[in-house]
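**Q** Sequence:
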Amino acid sequence: MLKYILMILGGVIFIAGYYFMQQNEGRGKTMMFYSLFTYAGLTLVILSGARVLDPFFEGLGKNGEMIQLAVEVACFVIGAELLLKPAFEDQKEIGTKKNITPRGSGDSFSAKANKKENTKKKTKNNNQIKRSYSTGNKKYRKK
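The end of the sequence shown is residue 143 by UniProt numbering, with every number in the run present.
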């Protein structure tokens, strides 16, 4: 009886975790937490389901226990691939989107280069405005 109760409880945990995981898709750590919660429910279903199916695997003879273990491992691996991998890869992508560079890295040069480029554009724009007054071009005049 306990096997069936654990199987139902695991199914409820799995379904609730999966629902909340889908609701929080793309939210990093929250999605990661719900994916772990979902995987815990799946684990409970797999382990209690394996205990329920013990008589079936015993009927397979000597290798029944090894087949049962192989089925359990396959279920765990497939579940991890479908539930955990996307959540953890999503978290990794969120971490790489932050363009935080440590001090002393080569990117400080690019910040200086950007500042220099903006100064050049400003100077070019000012020169065009000055020329527009002398040539009568209305396109670049200040308002």
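A couple of the hints might just be wrong.
[To be verified] For each label pair, taking beta carbons as the anchor points, the in silico distance ranges come out as:
1. Q22 - E65: 24 to 30 Å
2. L9 - P55: 19 to 25 Å
3. F33 - E58: 22 to 28 Å
4. N63 - G28: 41 to 47 Å
5. R27 - A80: 18 to 24 Å
6. L60 - A16: 44 to 50 Å
7. L82 - T30: 25 to 31 Å
8. E72 - A16: 18 to 24 Å
None of these hints come from the bench; they were simulated from the model.
Since the model is a prediction, treat every value here as computed from it, not as a measurement.
We put the beta carbon where it would ideally sit given N, CA and C, even for glycine.
**Q** Would you mind marking each hint as holding or not holding in the structure?
**A** So, going through the hints one by one against the coordinates:
For Q22 paired with E65, a C-beta distance near 36 Å fails the hint of 24 to 30 Å. Taking 19 to 25 Å as the suggested C-beta distance range, the pair L9 and P55 conforms, at roughly 22 Å. Taken as a hint, the range 22 to 28 Å is violated for the pair F33 and E58, whose Cβ atoms sit roughly 38 Å apart. Separated by about 44 Å at the C-beta atoms, N63 and G28 satisfy the suggested range of 41 to 47 Å.
For the hinted restraint 18 to 24 Å between R27 and A80, the CB-CB distance of approximately 20 Å keeps it satisfied. For the hinted restraint 44 to 50 Å between L60 and A16, the CB-CB distance of approximately 34 Å leaves it violated. Judged by the Cβ atoms, the range 25 to 31 Å given for L82 and T30 is violated: they are separated by roughly 19 Å. Checked against the hint of 18 to 24 Å, the C-beta distance between E72 and A16 comes to roughly 23 Å, which is consistent with it.
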